[in-house]
Structure formats: C-alpha cells, structure tokens
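Asks: If you read the protein sequences in the order shown, they are chains E and F. Here my numbering runs 1 ahead of the position in the first sequence, where the first position is 1. Here my numbering runs 1 ahead of the position in the second sequence, where the first position is 1.
Quick caveat, the hints were computed from the structure, so don't treat them as lab data. Note that beta-carbon positions come from the ideal geometry of N, C-alpha and C, so glycine has one too. Be aware that a few hints might be false.
To be verified - Here's a subset of chain E near chain F, in silico, CB distances under 10 Å, partners left out:
#1 F90
#2 F229
#3 M396
What the hints assert, rightly or not - To give a feel for the contact side, a few chain F residues facing chain E, derived at Cβ under 8 Å:
#4 A92
#5 S196
#6 P222
#7 A225
#8 T226
#9 K230
#10 M334
#11 S359
#12 I371
What the hints assert, rightly or not - Each computed BS3-like pair below joins lysine-lysine, with the alpha-carbon atoms no more than 27 Å apart:
#13 E:K224 <-> E:K9
#14 F:K249 <-> E:K87
#15 E:K356 <-> E:K87
#16 F:K382 <-> F:K230
#17 E:K405 <-> E:K450
#18 E:K9 <-> E:K87
#19 E:K463 <-> E:K391
#20 F:K368 <-> E:K288
#21 E:K87 <-> F:K97
#22 F:K382 <-> F:K368
#23 F:K97 <-> E:K288
#24 E:K134 <-> E:K119
#25 E:K356 <-> E:K394
#26 E:K288 <-> F:K230
#27 E:K445 <-> E:K463
#28 F:K249 <-> F:K234
#29 F:K249 <-> E:K288
#30 E:K394 <-> E:K463
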Amino acid sequence: MTPSGIYKNYELVVGLEIHVQLDTNSKLFCCAAAGGSNQPNDHVGAVSLGLPGALPVLNEQAVQYAIMAGLALGCAIQETSVFARKHYFYPDLPKGYQISQYDQPLCLNGHIQLSDGKKIGITRIHMEEDAGKLVHQGASGLAGSSGSLVDLNRAGIPLIEIVSEPDIRTPQEARQYMEKVHEIVRFIGVCDGDLEKGSFRCDANVSVRPVGTTQFGTRTETKNLNSFRSVEQAIQHEFHRQVDALLAGETIVQQTRHYDDATGTTTALRTKEEAHDYRYFPDPDLKPLVVTTATVDAIQQTLPELPDAVRSRYKTEYALPDNAIEVLIQDRNLYQLFNDCQACIQTTPLPELAKWLVGPIQSLLKTQSPNTHFSPSDIAWLLDECASGKLSKTMVKDVLEQLKPGMTAQELVNQQGGGQISDQSELVGLVQSVMAENPDVVKKIQDGKVASANFLMGQVMKLSQGRAKPDTVRALILEACGVAV
Amino acid sequence: MNTITSYLNSNQGCRDTVDSILNTIRSDEHNAVVGTYDHLAAQLADYYDATQSDRPFAGVPIAIKDNLCIQNELVTCGSQILSGYHSPYTATAVQKLLDAGFIPICRTNMDEFAMGSSNETSVYGPVKNPVNPTRVPGGSSGGSAAVVAANLVPAALGSDTGGSIRQPAAFCGIVGLKPTYGRVSRYGLVAFASSLDQIGPMTHTVSDAAALFSVIAGHDPSDATTIEKPVPKLTLNTEQSIQSLAGKRIGVPTALLSDSVIHPEIIQAIRNVLDQLANAGADIIELDMQFFDEAVATYYILAPAEAASNLSRFDGVRYGYRNSQAQTMQTMMQTTRETGFGHEVKRRIMLGNYVLSSGYYDAYYGKAQIMRGELCQQYTKVFESVDAIVSPTTPTTAFELGAHLDPLQMYLADIATIPVNLAGVPAISIPCGTDSQQLPIGLQITGNWFDEAGLLTIAHGIEGLLS
Numbered sequence: 002m003t004p005s006g007i008y009k010n011y012e013l014v015v016g017l018e019i020h021v022q023l024d025t026n027s028k029l030f031c032c033a034a035a036g037g038s039n040q041p042n043d044h045v046g047a048v049s050l051g052l053p054g055a056l057p058v059l060n061e062q063a064v065q066y067a068i069m070a071g072l073a074l075g076c077a078i079q080e081t082s083v084f085a086r087k088h089y090f091y092p093d094l095p096k097g098y099q100i101s102q103y104d105q106p107l108c109l110n111g112h113i114q115l116s117d118g119k120k121i122g123i124t125r126i127h128m129e130e131d132a133g134k135l136v137h138q139g140a141s142g143l144a145g146s147s148g149s150l151v152d153l154n155r156a157g158i159p160l161i162e163i164v165s166e167p168d169i170r171t172p173q174e175a176r177q178y179m180e181k182v183h184e185i186v187r188f189i190g191v192c193d194g195d196l197e198k199g200s201f202r203c204d205a206n207v208s209v210r211p212v213g214t215t216q217f218g219t220r221t222e223t224k225n226l227n228s229f230r231s232v233e234q235a236i237q238h239e240f241h242r243q244v245d246a247l248l249a250g251e252t253i254v255q256q257t258r259h260y261d262d263a264t265g266t267t268t269a270l271r272t273k274e275e276a277h278d279y280r281y282f283p284d285p286d287l288k289p290l291v292v293t294t295a296t297v298d299a300i301q302q303t304l305p306e307l308p309d310a311v312r313s314r315y316k317t318e319y320a321l322p323d324n325a326i327e328v329l330i331q332d333r334n335l336y337q338l339f340n341d342c343q344a345c346i347q348t349t350p351l352p353e354l355a356k357w358l359v360g361p362i363q364s365l366l367k368t369q370s371p372n373t374h375f376s377p378s379d380i381a382w383l384l385d386e387c388a389s390g391k392l393s394k395t396m397v398k399d400v401l402e403q404l405k406p407g408m409t410a411q412e413l414v415n416q417q418g419g420g421q422i423s424d425q426s427e428l429v430g431l432v433q434s435v436m437a438e439n440p441d442v443v444k445k446i447q448d449g450k451v452a453s454a455n456f457l458m459g460q461v462m463k464l465s466q467g468r469a470k471p472d473t474v475r476a477l478i479l480e481a482c483g484v485a486v
Numbered sequence: 002m003n004t005i006t007s008y009l010n011s012n013q014g015c016r017d018t019v020d021s022i023l024n025t026i027r028s029d030e031h032n033a034v035v036g037t038y039d040h041l042a043a044q045l046a047d048y049y050d051a052t053q054s055d056r057p058f059a060g061v062p063i064a065i066k067d068n069l070c071i072q073n074e075l076v077t078c079g080s081q082i083l084s085g086y087h088s089p090y091t092a093t094a095v096q097k098l099l100d101a102g103f104i105p106i107c108r109t110n111m112d113e114f115a116m117g118s119s120n121e122t123s124v125y126g127p128v129k130n131p132v133n134p135t136r137v138p139g140g141s142s143g144g145s146a147a148v149v150a151a152n153l154v155p156a157a158l159g160s161d162t163g164g165s166i167r168q169p170a171a172f173c174g175i176v177g178l179k180p181t182y183g184r185v186s187r188y189g190l191v192a193f194a195s196s197l198d199q200i201g202p203m204t205h206t207v208s209d210a211a212a213l214f215s216v217i218a219g220h221d222p223s224d225a226t227t228i229e230k231p232v233p234k235l236t237l238n239t240e241q242s243i244q245s246l247a248g249k250r251i252g253v254p255t256a257l258l259s260d261s262v263i264h265p266e267i268i269q270a271i272r273n274v275l276d277q278l279a280n281a282g283a284d285i286i287e288l289d290m291q292f293f294d295e296a297v298a299t300y301y302i303l304a305p306a307e308a309a310s311n312l313s314r315f316d317g318v319r320y321g322y323r324n325s326q327a328q329t330m331q332t333m334m335q336t337t338r339e340t341g342f343g344h345e346v347k348r349r350i351m352l353g354n355y356v357l358s359s360g361y362y363d364a365y366y367g368k369a370q371i372m373r374g375e376l377c378q379q380y381t382k383v384f385e386s387v388d389a390i391v392s393p394t395t396p397t398t399a400f401e402l403g404a405h406l407d408p409l410q411m412y413l414a415d416i417a418t419i420p421v422n423l424a425g426v427p428a429i430s431i432p433c434g435t436d437s438q439q440l441p442i443g444l445q446i447t448g449n450w451f452d453e454a455g456l457l458t459i460a461h462g463i464e465g466l467l468s
C-alpha cells in the first residue's frame, strides 16, 4: 500500500528485531527445564537464579537450533562467536547481566524473500538468554501496584535475536517478513511459534525520510509487538506520527516507544540519554563458541526442505491444491504424515492424499487424538483400496476411526468381512430381494420418481453391512425398474 | 606441626578430634574463623568413627574459605551483603574433599569478596597473624592461612585471584599453592574475577599441598573453563626430590631481586635459597622479565571489571541482605548495595564499571587484554629455557595491622604474585626463613601451565634443602 495525501512525500524505513524462544528441553546455561510451568519459580536452578558461585554451561541443543535457524534464514554460520555480558539492573534479571552475543554473533548475512520476490536482508542472528517476569500486585503494571513478585521460570530460556537490515518499506512488508520468519522457525521445529505466550516477539526500528533521499532519518524503537497485526498497525502509526512531527517542524527524537494494542498508538518509554550503558565484555565463564564446518554441514543435512521450496514443489510437481499446501505447511505433523504416506502409497494420486490429510484425517487427529492409532501405511493402503473401488470413503473413515493399537487397517477390514462388493452377480441377488419386499417403491420409480431409488439403495447397503458399492447398486436398481440410466 | 599424615596416623577418634578443634575455635583469638560446620562435622566424624572407610583422607579436618559453598551452610564472603545466606548446593572442590573423606570444620575469615591483601576488609574484622598478632596475616585468604599456621587444622582451602593464597601463606609461614587456571573447578566458588580466580590448598608441607591438589583438581562439566587433562598423583620422597634438583634450570627474574621493589632481608633469603639450589646442582638462570608494574595496572583494570560484573547479582532481590526500609524497587537495590558492600568492594565496582563504560572500553579493558596477552607470551618464552621460576612471594614480610592506608600501596604488595594469575600458570609459596623480626619470608616458585607435578617436585626438593 503506498502512502497517500501528506504522507506520500515520505518514505518509511523499517528494520525488525525478532526474538525467538528456542524450544529446547533445558535452559541456555542452566539444567532447569525450559518449558513453562503453572507454578512460579518452578523451573529454576542455581544458574537461572543467579546464585553465588553458579556457573553457566552452554546448552548444545540450543546451539544446534540456532544454527538450524541461521541456515534456514540463509546466514553464514561463524566459526567463532563470543558470549558477552550485557549489564543492567532489574529484578527479573538475576545475575545483573544478560548473557548475549555482542560483536561476534553466531550468524551473519542472511535474507528472507517476500512473495513479490523482494529480499529483506538479515544482518545477524545472535544467541542470548531470556529474562524472568515481574508480576505486579493489584495492578496490571508497575504503576499503582502494591508490590511486585519475581517469577524466574522464563529467566535463561534460550533466545535467538534475528536483526533485519533496514530494507522494509511498508507496514505490509514488515508483517510479511515477520510471518515468513515465523513460518520458517516453526516449520524447522526450533520454536513453537506461540505469539500469545511470547515465544515469538518483535521490536520495530522505524524512521522516515523524504522520498528520493538516501540518508536515514532518526529512528525510534517500538516494543511490545505481540501479533502480526500489531506490527503492521504500530509501524503505520509510527510512520504517520513521525511524518506529522516533521511537517509540524519538530525533530524526531531517538527513543524507545511502547505500542498499546488497545489504542493502536505508540508512546515514549525512554530517550537515548536515558538509555543504559550496557558495559558489554566477553563472559569469562564461557569459552568462545567454536562451530566447525563439519558440524554446520551435519546440521544442514538434518534441515528439512523450507516452506517456500515445499510450496513450489507441491504445486508444480504434485499439483496439490493451494489450500492443502498451506495447511500442510502450517501443521508440521500433518506435513510429516504426508511425506510418510507418500513414501508407501501406490495408486492414489497425491492431490487425493493431500485432500484426505487436510480434511478427514486432520479433523480425526484434532478430535480423537491421542486415541488415533493409524500409521502412514494404514492410510496409504486404505486410500489405495478406495481408489481401486474396493472400499468406500465412508468405510475408509470408519476404519481409521476404529483402528486399535497393534492392528493394521488391512487386518481390520478383513475381520469385518472384506472390502466393498462391486461384483454385479453378488449384488443382483440383494437388489432383487429388496425390490421384492418393496413393490410400492418399485412402482414409484417406474412412474418416474427416480429419487425413490435411494430408499432401495439404503436397504441394500443395510443387507450388505455397508459393503455394497453404491454406484453399482444404483445402476442395478434402475436397470431392473426399466428406467434408463 | 599438624600435618595431614599426622591426623591420618592419629589414634584419637574423629569425633574427639572434631570436638577438640571446635572447642579451640571458640577461644581462638586470631579472629580467623567466622563460622563452624558443627552438625556436618560431627555427623561425618561419627560416621568415620563407626565405619572402616576406604576414603584416603577419612576423618581429616579441613578449613574452608568463606567464599566456597557447602549445601545448607552459610557462605558470606566476609560481606554484609551475604549475611544469612545459606547455599543450596556444594562447590565441586568441596564435594571432592568430602568424597575423599575430609571433614570441613569451619569457615575462615577473608577480605570482603577476596578483595584485599591484609584481611582487613572483612565485615567480621581483621585476622591476627598467629606468628605475631600485631601483624596482618595477609589476604585475602588470611583466615585460611591463620588456622593452618595456628595448628588448628592441618589444611585449608583458599582462593587466589592476584596472590590471595600465596601472599597470606608467605606472611604466616605456611605452604600455599595456586594451581593452573582451569585445573580446579570454580563451581561453587563465589566469583571475584572469573578469569583469574583459582582454588588451592594451604598446608604446612609441600607434600600435603600436593595431596590436596590431587583431590580437588580435575575437569568439571559444571565449569566450562576447566580443562580435561589427567591430574597427577604424586608420591613425593624428600631424598629423591632433592636429588632431582640437579640439572634443573631455575630462572630468577632480576627485577624481583631489586631492593627498590623488595625488602633487602627478603632478597637475602632468596639469594640464600639460590645458593643452596646451585649447590644441589641446579642451573640458576637470571631472567630479564618485564612488565611487573604493567601487570599490576592490568590486573587493577581486569579484576575490577569482572568483579563489578560478578557482584551485580547482589541486589537484595533474591537472597542475602536487603534494605527493607526502601520504598521503591530502585532505591531498594541501590541502598542494599550501598550499605551491603564495604569501601574496598565499592571502590573496585566503581573502577570496574568505569573501565567497561562505552567510550573507555578500548582505552582500558581493551588495552589490558592486550597487555595480558603479552604477559602470557613472555611466560611461554621463559618456560622454553627454564623448568621453574623462583622469586620472593611478597615485597615485605607481614606488615602491621592498619599500616597500609593507601590502597595503591596495598595493590603493589601483590607485584610478584599478580603476573602469575594473569598468565594462568601455577605457583606455590613455601617458607624460606624469617626476617630480623622473626616474621616468615615466602619463596614463590612458578611452573609451566599444567606442570604442577614438576612444580611440586621442585618445591618439595627446596623444602628438603631448607629443612
């Protein structure tokens, strides 16, 4: 969307800093569990409490996840990176410093490609630990509260901070960039992507400049962007606010601003003069992180195909419907199931498999899990039987629902008397006996009320315990009634 | 002189030993002990009395510097800010002592957060030197040196950041070893300067120091700066150690034999050792080592920088002392730190924060790191041509309590010990005589990185020559 009115003479310049919580078992430097807990200060250890004498030990899984993210975002993984201490005092920061990477981050020079082909550069990705949380008593914020409690469950959870180049020019690009990053870190399995829980957070650096100029304007940093929508809205608001200020003859002050989701506006938190001097220096408790080329190569091997590549391959090679592709990319388990089924399926076309997965099978997984007991080979066998007419769709669904542990779909179908009856000689007998019992219905059909054939079909299905092939039964009934098919 | 061996050979029951030490502590006039592990010590003693333990040092009492954590026990670093703090876990080095059968019996006094060379900055007040109670015991492990010198226990653990084991050992006439950086786990040692701190033994004899070193050393997954190298287990024999001095190349930095830096009586004592070494067949090699003054300056940039950072966690929020009068979060943290820390600690926090501030980092911290690299290179080069370096441990013998009012003068007292920490090499201080006032003189012997075996053997040989 291009700016209009008074705003059209100004260009928006945005860079995003995205914090991604890595979905590891334990914390970045502490053996305490990294997952959430209902109890405050439940997942803490000597290191994450900042106890005297405790020392950080680097979590290798976190390093692996950070490298995966770096590779997926097109970065060069640095052979040597250094953890530094970033100092400031706040009760949710137990050691009085955050261990982060400063002048030697793990990943450099990546990018994201937007849907229109535009590339947004990624300056760097560095690893760091999350802070804890303050719970203010009797108020939603510090102001007005009677006291504050410290919860350190979150303190020390591994984060990667993904810093983009100031390549973003519209609020919509910012949103799309954020969505792409979100999709990738979720898809490769390093982050649960839960924005509400704060697993994926974003700060926006925003400045404006007259169209046609190349020098950057003074930037503000907006915090508290907890949804894709809020990123878009906050940037839009900040763009207008800065242009309005410039047009009113004011200068933009370098400051940190807070976004209020309720009003869609930003307010100043602190200016540059009030900014912390973090007094960074290399953490003497940790050796420089050395990652060999062999390690990076090995991690590259484990990296799945990335969402955009999957998208284009599924479309061009497999001709999957767009909506199915999107569902598969959003749901990692389903995507995995698709791949596993694809490996053993024989006759069913892949678009058909995809439709089954994103339709009935996804809803079964949603509603019945963990009481679903089908394997990819069960699905593949059932769909192949269905494709060759040996099972009806209803039968496939029933089998998937009824499967018990330790039993294959084929075994269950056999136990229930075999597959669908499509042999005319077998069905003719059933059709004749049903017609003999319902002469009045037969009369109606012969008189032209073809829809009444459905009743007779239902009776045949009942007699065959659902195994009669509906199309064949219908044709036999109409033929016997002398109605042209 | 109560050595570890004398305790192992003693017929007295462990519980009797422990009770008698705890009794003596109650009437101790040196102010060397700031707390006792009564329950733990009694429990362990009873266990060793009742059980035929195969632990090599079963029942031997040991003192622990007040900056090492033991589960459920107080640890205060001689500071108001940690008053009442009980550690929920045990330091690796202490755990290794427990596993080997030692009985930790008391917490020893120390300069606040190990910042000091006289043990006068402790919130518990100064320690008196058992050799002469008008004198300081040295610091920061002054309490640990004093309990050994006073024969209260055969051994103690200390920690050494710029000389805090070796200098008090020298002042009190005992043996103190600072191992190679990375040898002994720092997990559970309340940090002063992480890249310099190292835990080590303080004992009467070199062989006791060697025994204790073998117990506490080794790689620890909880301390990423420890190194995976086999720990030598030494069986020292005096005759053999003296004989092995023949042909050893012993370096002497001439800068540390200058009477502008070192007291003449100390120089005389060192020269006496050199003569005896030469008689024993060692090659004495004069070394033109540089940067002693620069090392002190470098140390007083790097150590305060790391200290300021390490001490940030003491904010009154989670444990220890808190100023509960404060009305806001900000003032609570500010006034807690203002009241909780003593002068010397606050001086170093301010120094440290200054040198790390944006705009000053390159001028101070950056340059200091370069200087540290130069120092390391110098040691690398020196150890190509010598097996060990000998020097005085300190420029003077134990000074009078209250004598050093000027901090800069105090900082220079560590001129011989500080370069060793900056390089990370191991060094030991052993007694080598007394001055005209009967105050002990310390001989510092410095070895190559991770060559504690060589260092201890030479120290043992010299100890044999001097006895």
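Asks: Now tell me, hint by hint, if it's right for this structure.
Replies: Structure-based check of all given hints:
no., hint, result
1, F90, "holds, 6 Å"
2, F229, "violated, 33 Å"
3, M396, "violated, 57 Å"
4, A92, "holds, 6 Å"
5, S196, "holds, 4 Å"
6, P222, "holds, 7 Å"
7, A225, "holds, 6 Å"
8, T226, "holds, 7 Å"
9, K230, "violated, 15 Å"
10, M334, "holds, 6 Å"
11, S359, "holds, 5 Å"
12, I371, "violated, 14 Å"
13, E:K224 <-> E:K9, "holds, 26 Å"
14, F:K249 <-> E:K87, "violated, 48 Å"
15, E:K356 <-> E:K87, "violated, 51 Å"
16, F:K382 <-> F:K230, "holds, 22 Å"
17, E:K405 <-> E:K450, "violated, 44 Å"
18, E:K9 <-> E:K87, "violated, 40 Å"
19, E:K463 <-> E:K391, "holds, 18 Å"
20, F:K368 <-> E:K288, "holds, 20 Å"
21, E:K87 <-> F:K97, "violated, 33 Å"
22, F:K382 <-> F:K368, "holds, 21 Å"
23, F:K97 <-> E:K288, "holds, 24 Å"
24, E:K134 <-> E:K119, "violated, 38 Å"
25, E:K356 <-> E:K394, "holds, 12 Å"
26, E:K288 <-> F:K230, "holds, 17 Å"
27, E:K445 <-> E:K463, "holds, 21 Å"
28, F:K249 <-> F:K234, "holds, 21 Å"
29, F:K249 <-> E:K288, "violated, 35 Å"
30, E:K394 <-> E:K463, "holds, 16 Å"
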